[in-house]
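Enquirer: Top line first, the protein sequences correspond to chains A and B.
Our numbering puts the first residue of the first sequence at 3, with every later residue one more than the last.
Our numbering puts the first residue of the second sequence at 16, with every later residue one more than the last.
Wrong hints could be hidden among the right ones.
Claimed, not checked - Listed next, the in silico EDC-like pairs over lysine to aspartate or glutamate satisfying Cα-Cα at most 16 Å (straight line): (1) K173(B) / D142(B); (2) K173(B) / E143(B); (3) K173(B) / D17(A); (4) K173(B) / E9(A); (5) K173(B) / E155(B).
Worth flagging that the hints you see were computed from the coordinates, not collected in a lab.
Remember, predicted model here, so these are calculated numbers, not experimental data.
Each chain is listed here by its residues.
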Amino acid sequence: MRCNEFETRLNHLLDRRRDPRHDRIVANHADDCGDCRRLMDAYLGICEGLSGLASPVPADDLGERVLCELARQPAPSSRRWLAPWAAIAAALLVFVATRDRQPHQPVAAPAPALAAAPVPVPVIVAAPAPAQTPSAPVGVLARQATEKYADLARDTQSALAGMSMLLPHMDIDMDLNMDEPAAQSDPVNDDASPLTTQVAAGLKPLADSTTGAMSFLWNMLPHSQPAGGTLPQPTSGNVAPLVRTDTI
Amino acid sequence: MPDNVRELVSRCLQGDGSAVVELVDHFRGQVFGLCYRMLRHQQDAEDVTQEAFVRALRSLGRWDSSREFSPWLLAIAGNRCRTLLAMRSRRPPGSPLVEDLPDRSPEPAGFANLAEEVELALTALRDEHRAAFLLFHEQELSYVEIAAAMNCPVGTAKTWVHRARRELADQLIRRGAVEEHAHALQ
């Protein structure tokens, strides 16, 4: 064995966590070459010295501090990226649902607001009937379309709520050159567990976004404005903006 | 990986605060040890250790349970350490950032002080060499795990460890911790 091969074999043995002194080839060469012997001794000394390094320990309350920090920081803001997609998904669902209804048909009366879903109920205003008459009375069609729309709204909201439950810890990045997280907004409920509070806080933006999406869609409907009337307002309180401009 | 780690992770995902504390206690030695060796500062190491655990717990749902938990956690800690080291390098000179190690004169040290010599030699390594070396020899990760933790090819991780060994060996020899040698490769 030549000296330049010795170090390669030395590394090979150390990579496999084997003692090089137990390798016959290495041991034989080290017996014959003082320089290589010293190199092997240095490598062994590194391992020995490493095992003798003092191991400082962290504070005993690290676990509790981590728990407090988790509770102190806001819920991951990364879920906000769902808001515009929720609006788009809701728009697509409504488009598909109302695509086959006859346009420009009069509506007898608006459907009552639904207590279960905090979304506005559209009033469909129709133009004069086309040449082909519908197979059912116009009022029935309107009621069916409205109920269908309401069902879709409920389903969309349920789906979005389910998505947020499936993604409880949406942190984006392990490349940790991110900026520090934004300042927290909602106060922490001292009586709730920290993670429960985070999940509950995370659902609220989605509910608000869905409400906002429905309101947006309602305003975009081509005949959503009743004659001489005003647009119905969303029943929920705070309506979140549809497009988030803050970064994740 | 012990089954209790998977169970702990599962309980953490369900919001069990006691499981969070237990998980931290289980791995805090490993994580803090790596941070301390990389940052060479007790307080910084504690802060980064805490931050690493917080980040890991917030992204716990993304951990692949078919893999070992420790390398994944150490990868997060290593990233945080490198971020802090990069911030340090941008700070104006003169800031007392690193705890002073004992100033040892170049005298034959002997193996009785070998640990101190190794610790001193570690400070002279490049950050990535030191991190890879410690992950291999102290945390006993494989090269595949180190590569994943440091986001580099396996060959690069291996090269870093080999270079670290060579530089440490040269340092020990230079300072007389092992016998002086003058070696010319043939």
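Enquirer: Look at each hint and say if it fits the structure.
Expert: These are the hints, each one checked on the structure:
no., hint, in the structure
1, K173(B) / D142(B), "holds, 15 Å"
2, K173(B) / E143(B), "holds, 11 Å"
3, K173(B) / D17(A), "holds, 9 Å"
4, K173(B) / E9(A), "holds, 14 Å"
5, K173(B) / E155(B), "holds, 13 Å"
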